[in-house]
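Based on the sequences and whatever the hints tell you, model everything.
If you read the sequences in order, they're chains A and B. Here our numbering is used: the first residue of the first sequence is 1099, the next is one more, and so on. Here our numbering is used: the first residue of the second sequence is 1068, the next is one more, and so on.
Heads up, a few of these hints could be off.
[Claimed, not checked] In silico DSS-like cross-links for lysine-lysine, where the CA-CA straight-line distance does not exceed 27 Å:
id: 1; chain 1: B; residue 1: Lys1109; chain 2: B; residue 2: Lys1150
id: 2; chain 1: B; residue 1: Lys1145; chain 2: B; residue 2: Lys1109
id: 3; chain 1: B; residue 1: Lys1124; chain 2: B; residue 2: Lys1109
id: 4; chain 1: A; residue 1: Lys1154; chain 2: B; residue 2: Lys1109
id: 5; chain 1: A; residue 1: Lys1103; chain 2: B; residue 2: Lys1124
id: 6; chain 1: A; residue 1: Lys1154; chain 2: A; residue 2: Lys1103
id: 7; chain 1: B; residue 1: Lys1150; chain 2: B; residue 2: Lys1124
id: 8; chain 1: A; residue 1: Lys1166; chain 2: B; residue 2: Lys1150
id: 9; chain 1: B; residue 1: Lys1124; chain 2: A; residue 2: Lys1169
id: 10; chain 1: A; residue 1: Lys1169; chain 2: B; residue 2: Lys1109
id: 11; chain 1: A; residue 1: Lys1103; chain 2: B; residue 2: Lys1145
id: 12; chain 1: A; residue 1: Lys1166; chain 2: A; residue 2: Lys1154
Hints in this document: simulated from the structure, not taken from any laboratory.
Here's the letter readout for the chains.
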Amino acid sequence: DQQVKQNSPSLSVQEGRISILNCDYTNSMFDYFLWYKKYPAEGPTFLISISSIKDKNEDGRFTVFLNKSAKHLSLHIVPSQPGDSAVYFCAASDTGANNLFFGTGTRLTVIP
Amino acid sequence: EPEVTQTPSHQVTQMGQEVILRCVPISNHLYFYWYRQILGQKVEFLVSFYNNEISEKSEIFDDQFSVERPDGSNFTLKIRSTKLEDSAMYFCASRTSGSSYNEQFFGPGTRLTVL
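This is the structure:
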């Protein structure tokens, strides 16, 4: 059951540059998408979300883009900071369901 | 800032034993969830709970699992007879009501090791 996919298990970026994390989904019923950040030995921390009625949502250094026709979303972090180094999970849901479907995560390493 | 808490942080048990994992959701939240993450795999939904009853459960959540909200603050996950494959991180999450959006807030997790 791979309804949400993150095809890049890892990403390394220089400090100050842009980090782009990608996520694809297959279920056309999904209408709400979230990004979570996870440090080792901690639970996922909510980062940013986007509804399917939008194609972009911005919060400080973090921007999420949604391309519904391609069933693709991405998270942009600009500028990247060493403290951003973590595993980033994409998650999706539809308003009729309660649960979140998670991707497998992308480990981001920001190099000072 | 309010947060979801979970106890214990690490639970080691023998196969066949019962375990209870505890969670204290954020106080004004009304929807509660359990997820698990087997090492190296994705976070998987187990069960959601609202108004003192299960609202959804996954295929993973079989008869060995149960959830309870014994009082106004705690939310528990019980595994009756643990199996080796139950070894995982178990995350509790909660969200507020009144929103069509599904921003769930997660606890730090309980690492369950079944020997």
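Hint by hint, which ones does this structure get wrong, listed from lowest number up? 8 and 11
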